[in-house]
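Asks: Respectively, the protein sequence lines represent chains A and B.
In short: position in the first sequence from 1, add 786, done, that's my numbering.
In short: position in the second sequence from 1, add 786, done, that's my numbering.
Hints in this document: simulated from the structure, not taken from any laboratory.
Note that the Cβ used here is the ideal one computed from N, Cα and C, for glycine as well.
Warning: the hint list may mix true and false statements.
[As the list claims (entries may be wrong)] Pairwise CB distance ranges, derived in the manner of DEER restraints:
1) Pro1134/A <-> Gly1047/B: 24 to 32 Å
2) Ala1083/A <-> Asp952/B: 46 to 54 Å
3) Ser1190/B <-> Arg1182/A: 39 to 47 Å
4) Arg801/B <-> Ala1083/A: 52 to 60 Å
5) Asp885/A <-> Asn830/B: 51 to 59 Å
6) Ser836/B <-> Ser832/A: 19 to 27 Å
7) Pro1134/A <-> Tyr954/B: 47 to 55 Å
8) Glu1090/A <-> Ala1048/B: 38 to 46 Å
There are 2 protein chains.
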Amino acid sequence: MVRSRAGDIAQSEIRRNNLSRMLSELHLRGSLTRSELAASLRLNRSTVASLIAELAARGLVWERLRDKPAPQPTPGRPSPVVEICREGPAALALELSTDWIRAAVIGLGACVAVSVRKDLSLASSTPEQALDEAHDLVGSMLGRLDHGPRLAAIGVSAPGAVRAEDGYVYNAPNLGWRDVPLGSLIRSRFSDLGVPVFVGNDADLAACAEHMRGSGRGTADFICLWGEGGIGAGIVVGGRSLSGAAGYAGEVGHMTVDPDGAQCHCGSHGCWETKVGEEALLRRSGRDPNGGSAAVADLLEAAERGESGALAAMAESGRWLGIGIAGLVNVFNPSRVALGGLYARINPYARQALEHELGRRAMPAPGAMVELTTASLGADALLLGAAELALAPILRNPAIVPLSGDATVIISRRRARPPSYGWTLAPAEARR
Amino acid sequence: MVRSRAGDIAQSEIRRNNLSRMLSELHLRGSLTRSELAASLRLNRSTVASLIAELAARGLVWERLRDKPAPQPTPGRPSPVVEICREGPAALALELSTDWIRAAVIGLGACVAVSVRKDLSLASSTPEQALDEAHDLVGSMLGRLDHGPRLAAIGVSAPGAVRAEDGYVYNAPNLGWRDVPLGSLIRSRFSDLGVPVFVGNDADLAACAEHMRGSGRGTADFICLWGEGGIGAGIVVGGRSLSGAAGYAGEVGHMTVDPDGAQCHCGSHGCWETKVGEEALLRRSGRDPNGGSAAVADLLEAAERGESGALAAMAESGRWLGIGIAGLVNVFNPSRVALGGLYARINPYARQALEHELGRRAMPAPGAMVELTTASLGADALLLGAAELALAPILRNPAIVPLSGDATVIISRRRARPPSYGWTLAPAEARR
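Work out the full structure, taking the sequences as your base and the hints as a guide.
Replies: Here is the structure:
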C-alpha cells in the first residue's frame, strides 16, 4: 500500500500526541502498569510498549517491578510499573515574592529534588538586584546536589501581570515594579544555565498546581481562586485548562461587579479584584492597603483575638467573594471551587458571609451541586506551578528531549537505580 | 494474540467515538471526500472506509461522485464525496414563542425538509391549548411531505428556564407559565409519533445553532449572546461547547453586575439580565416591560425615527451589554462574540455605548483581539438549535440508528437518488 505524505504527517502527529498523553498521564498519576496505561489512553498493548520504549530512550520514564505486591495478587508473573524517571529533565522553579525568594529543582511527576529560600524584601530591590540574589541562591542550591540535574527550563512565579510570550511584567504593585522585561533579564542573568525561561503570574501558577495535584485533582470542572495580591484563577472545563484564544483567559478578577466602584489597577472601575483583593481587605480593616503579607498576618491575629473590626473586614471580603463565585458557578457549573492563598487564610472568618451570598445568588441546580473547599498544596503551589509552566513544552511534545543513548528499560524486583535525588520537601522546610 | 475483555471494550468505544466524529464532521461540513475525512479525523483510509460503510448501512450517509469536477482536476479517477443522506433520520423541531408557533422537519446536516408557522398569542393559552395548536400544525405539515420522514426525536424551543433532563419549565415569564411539565405534556400530546422529546431554552438553542452554523462557525473560542426575553449564551471553549459538570453552564445572565440592583426572576439581585433583558429595555423606554415583541418592534420604530427616549434606552442597554461582555472577554478570551436575537436588533443603536464600555473594561490583550459581530442565522436559529438538541443522541452514538437493511453505497456521476425532500427555507418564509 502506498501511503500518502499527508498520511505520514497524520501518523507522526498521532504518535507525538500519544507520547504526550502517556507522559502526561505518568506525570500526573505516578506509577501505572502497562495495562492501566492501555486502558486509560485507549491504546492497544503493542502501541503502549512502543511508546514506553521511546519515552525510556529519551530518559523520561523507566519500568520496574512493584516494590510491594498488589493488594489482590493475580496469577501469573507480576506486572511491572512504568514511572517517571527521576533523573530525567527537571525545571528550575523560582518564586519571587514580596518578602522572599524561593528556588527548587522539580522534575516531571512534581518530584522536588531540592528547595531553598531566602528572606528579603523585594519591594526595596531593583529587578536586577533581586535577580542577583536569586542567582546566588540557585548557585548554592545546585551545589548541594550530588550531581547536576538535567535542567530543561526555568519557570518563574512573579507577583504581577505578566505577558505569557516573553515574561514581560506590566505591573507588580506589591514590588513597585512597572514595565519590567523580567523574562529577558532572567535569560541574561541565568545565561550560564543556557535554558529557556518562562514567567507566569503567581496566583495563576498556584491555581494550575492546585488543579493538577491539589484540591482540583480528579475533577473535570473545577475553579481555583487564588488570592495573592490580586486574584488568580485556574479554571478547568471538561478536564482541560481554560486558556482562551491566545492564553489570556481566566482574568476573573476583572469581571465588573460594581460598575461605579473604585478604580482598579487595570484602569476599569469596580472590578471584582477591587472588592476581594488584599488591598481592599487591608483598607477595610483600617490597615495600610500596601502593607503586604505582614499586614495580613497582623489582621489574621486580630481576627483570632476576636477583634470586631478585623472580623467585619473579613466578612465583607467573604460577601464579595460569594457574589463573584456565584457568577462563576452560574457561568461554569463547576463541581468544585477551591480557595487558595489569601482566601484559604481568611476562609474561617469569611466563609459564613461567602456561603450566604453564594446561596442567594447561585442558580438552584449548579448551586446545590458545587463543593466549596480550600486549596491543599499550601505555599508549595507557587513553585509547583512554576515547574509545570517550565515543563509544559516537554509534556506537549516529549520528542524534544534528545535520545539519551541509553534505551534500556530497567526491570528488577528492587529499585535498580535508587534516585540520586528525589526527596520531597522536608516538613520543616515546607512550613517555613 | 489473546485480547482482553477490557481491550474489546476499549476497541468498541473507539469505534463508537470514530463513528460519532465522522458523522458530526459531515453534519457540520457537508460533503467531504474520503481523503478529506481521513485527514480531518486523523484516521487511515481503511478505517475511514469501514466507518462510511457502517454509517451508510444505518442510512445516515451516502457516497456519490461530485456533480462538478474539482477546481484543480487531479489525474486518476474522480474522488467520490460522502454526504449526509437526506432520507436519514430527522428531527421534528418546534418553536414555541410568545406570538407564534413554528414547526419544521430538519435532518442531519441542518437540512430543512419543510417548515410552517402559525401566528397566535401563546400568552393567552394554557400549555395544553398551545400543544393542541402545535399538534394540528405538525399534522398538516407532515401531510405536505411526499412520504413520511424518519422522525427520530422532537426538539422544542421554549422561552423560559428549562430543566434539561425532562423538559420541565420552571418559569416562562413571557407566556405566564410557571412549573409546567412541558416535556411530559408534549410526550403525551405527540404520543402518535412515538419518539423522544427534548426541550431547551430558546436563547440557548439559538446560540448553539449560531456556534455550529452561523457567526461562530470555525472559531474555537466563541461566545454567542442571544437576547430573547432573558439572555442565552452559547459558549465554546477550545472548540467544545461549555456545559459544566451537569449541563447547567452558560447562565451568563445571572452574573451579578450590581449587587444592590433590582430583584431578578431567579431570586438574586442585580443580575446582568436585570440590566440587559427585554424587560429592562422596555421599562427604560417608558413602555410596558411585559409588552413582548410588539413593544420591542414599537421601540425599534421609535429609534429609527430618532426619538431620543428610545435611543437613550438602547444606549443604556448597550452600556450594560459592554460591562458584562468585558467581563466575559476577560474570563474567556474569545476570538469572537456574536450578538443575536434582541441584541442583533438593537445593535445599530446600542453598539457605540457597548464598544465604549468594552474598551474601558476589557483587559488590553484579550480586548484588542476580540471580534464583535452579530448573529447570522436570523430567526431560523431557534428551530435549527431545537433540531440540534433532538439529533444530538444520534451524533453522539450513530449506532443507535438501526441498520436499514440497505447497505449499498451508491456511486454515480449524477445524483442517483434525488432527495425527495430537501429544499431549504424559501426566502419569503425565512423572512416571515
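Asks: Just tell me: holds or violated, for the beta carbon distance of Ala1083/A and Asp952/B against 46 to 54 Å?
Replies: For Asp952/B against Ala1083/A, whose Cβ atoms are near 52 Å apart, the range 46 to 54 Å holds.
Asks: Can the suggested window of 51 to 59 Å be confirmed for the beta-carbon pair Asp885/A and Asn830/B?
Replies: holds, 58 Å
Asks: Starting from the range 38 to 46 Å, see whether the pair Glu1090/A and Ala1048/B falls in it by beta-carbon distance.
Replies: holds, 39 Å
Asks: Falls inside 39 to 47 Å, the C-beta gap from Ser1190/B to Arg1182/A?
Replies: holds, 43 Å
Asks: Measuring from beta carbon to beta carbon, are Ser836/B and Ser832/A in 19 to 27 Å?
Replies: holds, 20 Å
Asks: Can you let me know if the beta-carbon spacing of Pro1134/A and Tyr954/B is within 47 to 55 Å?
Replies: violated, 39 Å
Asks: A range of 24 to 32 Å was offered for this pair. Does it hold for the Cβ distance of Pro1134/A and Gly1047/B?
Replies: Holds, at about 30 Å.
Asks: Mind checking the hinted window 52 to 60 Å against the Cβ distance between Arg801/B and Ala1083/A?
Replies: With a Cβ separation near 59 Å, Arg801/B and Ala1083/A satisfy 52 to 60 Å, so the hint holds.
Consistency with the previously given hints fails for number 7 only.
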